[in-house]
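Chain residues, written in single-letter form:
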Amino acid sequence: GQQVMQIPQYQHVQEGEDFTTYCNSSTTLSNIQWYKQRPGGHPVFLIQLVKSGEVKKQKRLTFQFGEAKKNSSLHITATQTTDVGTYFCAGWSSSNTGKLIFGQGTTLQVKP
Amino acid sequence: DGGITQSPKYLFRKEGQNVTLSCEQNLNHDAMYWYRQDPGQGLRLIYYSQIVNDFQKGDIAEGYSVSREKKESFPLTVTSAQKNPTAFYLCASTSDPRARDQPQHFGDGTRLSIL
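Going down the list, the protein sequences come from chains A and B. For the first sequence, position 78 (counting from the first letter as 1) is numbered 81 according to the numbering used here, and the numbering increases by one without interruption. For the second sequence, position 63 (counting from the first letter as 1) is numbered 217 according to the numbering used here, and the numbering increases by one without interruption.
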């Protein structure tokens, strides 16, 4: 079945360092969404990318959607302790079953 | 404020007992979802419903049951057949899953443990 894979699973950085998580789908996606889950919290929608090669920025966060619409990345510049959490990418099932397929997530720890 | 309300926040289950987790939304969303999250793991889909009186199994439906009698409500029952129920359960909703461009909104979750 359709899969969405994320790497790395965990990342520890020193505050101020950059961080990147990568997302790869086994099939072409119509769009990709990114969510953030703080420790003890629930996932919160961050952004959606739709167009091939699209790049969007939210302050220190940069999101990219690959040209083939099968991969995506989230890059955080100069991490802060408030960036701690798990970042998930997700794509809607290509078989139109109404399912959103989530990646396994990347958990970011930031050392002050 | 519109949102998703899950209750209870914490739940303990005895051996052989069925327990029901509540999920209510006032967002007027068509679709609702239940996910299970284990420590350090991603989200696994248990059941989902795109419309009232209809629902589909997700990837890990065994040992769980749901109903969708009202648009606002999508309760999840963890049956005694689910031998390893300890996890964090998240309910989510989306306005129109057929559009395939809507975000999912999540409740605060229920933490279920075995006594």
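Any given hint could turn out to be false.
[To be verified] When the alpha-carbon atoms are kept at most 25 Å apart in a straight line, the in silico SDA-like pairs for lysine to any residue are as follows: (1) A/Lys39 / B/Lys237; (2) B/Lys211 / A/Ser98; (3) A/Lys62 / A/Ser98; (4) A/Lys54 / B/Ser249; (5) A/Lys39 / B/Thr233.
It should be emphasised that the hints constitute simulated quantities derived from the structure, not laboratory data. As the structure is a prediction and not an experimental result, all values here were calculated from the model.
Okay, the hints, checked on the actual structure:
1. A/Lys39 / B/Lys237: 30 Å, violated
2. B/Lys211 / A/Ser98: 15 Å, holds
3. A/Lys62 / A/Ser98: Violated - the C-alpha atoms of A/Ser98 and A/Lys62 are around 34 Å apart, more than 25 Å.
4. A/Lys54 / B/Ser249: Holds, at roughly 22 Å.
5. A/Lys39 / B/Thr233: With a Cα-Cα distance of about 30 Å, the restraint between A/Lys39 and B/Thr233 is violated, given a limit of 25 Å.
Figure legend: structure checked against the earlier numbered hints; hints not met, in rising order: 1, 3, 5.
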